[in-house]
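These protein sequences, in sequence, are chains A and B. The opening position of the first sequence corresponds to residue 0 in numbering that gives the first Met the number 0, with each subsequent residue numbered one higher. The opening position of the second sequence corresponds to residue 0 in numbering that gives the first Met the number 0, with each subsequent residue numbered one higher.
Keep in mind that the hints are not guaranteed to be accurate.
[Claimed, not checked] Chain B side only, calculated, beta carbon under 10 angstroms to chain A, not exhaustive: (1) Gly197; (2) Asn237; (3) Gln260.
[Said to hold, decoys possible] Residues on chain B that point at chain A, a partial pick, calculated with CB under 8 angstroms: (4) Glu67; (5) Asn85; (6) Phe257.
Please keep in mind that the hints were generated in silico from the structure rather than gathered at the bench. Ideal Cβ placement from N, Cα and C applies to all residues, glycine included.
Here is what each chain is made of, one letter per residue.
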Amino acid sequence: MPDYILSTSNRMAKRHAREKRFKWYGRMAIFISIAFLVFMFSAIIFRGASAFQQTKIALDINFSEAIIDPSSSRDPELLKRANYKPIVLQSLSNVIPGITERRDRNRVYKLLSAGAVFDLGEQVAEEPNILGKSKKVWLLASSEVDLFMKGKIDPNISEDLRRLKDRDIKWIKILQSEGRIKKKFNTTLFSSGDSREPEMAGILGAAIGSFFSLLVCFLIAFPLGILTAVYLEEYAKKNFLTDFIEVNINNLAAVPSIVFGLLGLSIFLNFFNLPRSTPLVGGIVLSLMTLPTIIIASRSILRSIPQSIRDAALGLGASKTQTTFHHVVPLAMPGMLTGTILGMARALGETAPLLMIGMVAFIVDIPKGITDVATSLPVQIFLWADSPEKGFVERTSAAIIVLLAFLILMNLCAVYLRKRLERRW
Amino acid sequence: MFKKILLLSLITLGLAACGGGDIKPEVAASSESRDQIKIVGSSTVYPFATTVAENFGRSTLFKTPIVESTGSGGGLKLFCSGLGDNHPDITNASRRIKASEVERCAENGIDDIVEVKVGYDGIVMANSRKSNQMNLSLKDVFLALAKDVPDGSGGLKPNNYKTWKDVNPNLINNKIEVMGPPPTSGTRDAFVELAMEGGCKTFDWIKALKKTDKQAYKSLCHTIREDEHFIEAGENDNLIVQKLNANPNALGIFGFSFLEQNADSVQGSTINAMPPTFDNIAEGSYPVSRSLYFYVKKDNVNKVPGINEYLVEFMSERASGPDGYLAEKGLIPMNPDEHLKWKSSVLSLEPLMLN
Chain A
0 MPDYILSTSN
10 RMAKRHAREK
20 RFKWYGRMAI
30 FISIAFLVFM
40 FSAIIFRGAS
50 AFQQTKIALD
60 INFSEAIIDP
70 SSSRDPELLK
80 RANYKPIVLQ
90 SLSNVIPGIT
100 ERRDRNRVYK
110 LLSAGAVFDL
120 GEQVAEEPNI
130 LGKSKKVWLL
140 ASSEVDLFMK
150 GKIDPNISED
160 LRRLKDRDIK
170 WIKILQSEGR
180 IKKKFNTTLF
190 SSGDSREPEM
200 AGILGAAIGS
210 FFSLLVCFLI
220 AFPLGILTAV
230 YLEEYAKKNF
240 LTDFIEVNIN
250 NLAAVPSIVF
260 GLLGLSIFLN
270 FFNLPRSTPL
280 VGGIVLSLMT
290 LPTIIIASRS
300 ILRSIPQSIR
310 DAALGLGASK
320 TQTTFHHVVP
330 LAMPGMLTGT
340 ILGMARALGE
350 TAPLLMIGMV
360 AFIVDIPKGI
370 TDVATSLPVQ
380 IFLWADSPEK
390 GFVERTSAAI
400 IVLLAFLILM
410 NLCAVYLRKR
420 LERRW
Chain B
0 MFKKILLLSL
10 ITLGLAACGG
20 GDIKPEVAAS
30 SESRDQIKIV
40 GSSTVYPFAT
50 TVAENFGRST
60 LFKTPIVEST
70 GSGGGLKLFC
80 SGLGDNHPDI
90 TNASRRIKAS
100 EVERCAENGI
110 DDIVEVKVGY
120 DGIVMANSRK
130 SNQMNLSLKD
140 VFLALAKDVP
150 DGSGGLKPNN
160 YKTWKDVNPN
170 LINNKIEVMG
180 PPPTSGTRDA
190 FVELAMEGGC
200 KTFDWIKALK
210 KTDKQAYKSL
220 CHTIREDEHF
230 IEAGENDNLI
240 VQKLNANPNA
250 LGIFGFSFLE
260 QNADSVQGST
270 INAMPPTFDN
280 IAEGSYPVSR
290 SLYFYVKKDN
300 VNKVPGINEY
310 LVEFMSERAS
320 GPDGYLAEKG
330 LIPMNPDEHL
340 KWKSSVLSLE
350 PLMLN
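The following block holds chain A by itself, in its conformation from the complex:
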């Protein structure tokens, strides 16, 4: 039938309308999911962006040897723990006039973070030559001052309702007029472990904990998963036993992650007596969780390799093992790696199993190995979200941004591998 007759027919118009409608449904579905994503991201970034800056206060510190190191021992441990409070107070009273009483002095000292003196100690321990000299140093401001500088404390509400009083704000104004108070890039966030004071808290400890856990997870889950998949796909006979194993692997992939945590608690901690709260146990538990994902992904990749490749190799006289390891597995490797990375990305975001094995803990020291106690990034987010201090609100969102960045990076890696190395038949 010629086209023009069709296009005028009533039924044809309906068919076109249906197609158009369907296209619009599709577009709407995409639009709604993107809107959700944009909403989530913008909410997190809006809240977290300010955490990447931290208020600092510049003071001219006179590193008096008589106060810091009266015995001239130059012992770094002693220098670190020396009493820097009088020096800092002296510098503060040089800048802010009219603080003589003890109460005022204590109050003005609170403008600085409790960690400021520790930072000074570290600095002096690192370069002891500074003793006896005077230098302008940028010190961490307290969380309250930081929030005020970021516009998160309204100075117009009644004084009783604020933790930062009018007097404090007056002092901040004095510092501001001398250019001694500034927001700078928040290096602490990336260079220190957890802390009870928001301005001193960082995610490095948690990030390294996550790294070690994932390392252990990879070292265990990758070889085990690949070998299982290759054996089941290339060697095993199809019988009741392999079917049974396959069903179990599929079930395992759907088990809620908290169950793996309970398993880790009863087997690795209570039975094998492995150390609690360590990335070693965390990694083992996460590897149990990722294993089924890797096996399932690897098997489907192996199945997608054309039979003709195996036949050709066997036809040329290669053994079964040669065929598998010289031809089939190398072709499947990119896909297997992709599956592994996606599994690990899921493991990176997991908190529930770590809850049971004691990784939800306050840990200040940065872990140095898989048997040191550690937390992980999502756990750190969980702990900060639960803290009463207001400064942790923005830091929680900042930690989420960092976690998301890692996840996106891992997923991009997977996409790149697939695009770059995948072969099509």
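Fit chain B to the given chain A structure using the hints.
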């Protein structure tokens, strides 16, 4: 190319296996000489314990203790499960240790426990500053939130109060909406025991019931209604504060430290005409306040380095004293006499006596 990958993966597997094997003797060796204090327990005490731990770690040569937030009950379970290296040295609790837990400890060889009182914590019922402050009595709280309430003729009826005005004609005509923690929380336990039971006891016949049928008394006073008027809002107190801002008619139940940090957006209701202020809680005149504790294994004090010094730091004037840094974190400190008494008994490691 592939052989390399296989070899690598086999080596890593081998390493992982050996790694697992290697670790064990190391752990066994370190069981004699763990050099880091392990603390578990209540999420209410967690902010205070971590603050002390951090200060202790920074100002001494000892490692910063590890503090896990497991809840009071979970912490005591871990604490009492054994003496060795893998069991915690200290557990925090937002309630006192129970006799059954002391027995459990004794069964596992933990005979001497040192009890340390940290201070006090108030539980507040707060609403958004957008609406008016509520003035409640314990009786109002009980009638608004209990599952069954007295019907006025000596019997019980299911709680059908819908508005605060139904409960008490002097209160506003707003729907009862209270957000509180789930039953796993220590805050919930304390709220039920102090506020609900406190209001419950104001009925004479229920008070009399305590002597005749303790079980019935408990189930009546301790059961919170399960309809839309009481909302379980999860363990996260920050979330409750945010929800209060979104819903000015609702009340939230949480710890005093959250009220203090968010005083610009939420206000605590007065209970029995007492506003939840620092002084009222410290004096004990605010009715819904509880004591916070932690427990130390006496046997471990000499085994794990630093426990003694941690106790010294915790009981020091600058930490748990009236103007200490814990007070700034929202802890209600003990009065100076009580503080001094606890300090001397803790530092001499007097073992716990339950009376």
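So, going through the hints one by one against the coordinates:
| no. | hint | result |
| --- | --- | --- |
| 1 | Gly197 | 25 angstroms, violated |
| 2 | Asn237 | 6 angstroms, holds |
| 3 | Gln260 | 5 angstroms, holds |
| 4 | Glu67 | 4 angstroms, holds |
| 5 | Asn85 | 6 angstroms, holds |
| 6 | Phe257 | 5 angstroms, holds |
Against the hints set out earlier in the document, a violation occurs for number 1 only.
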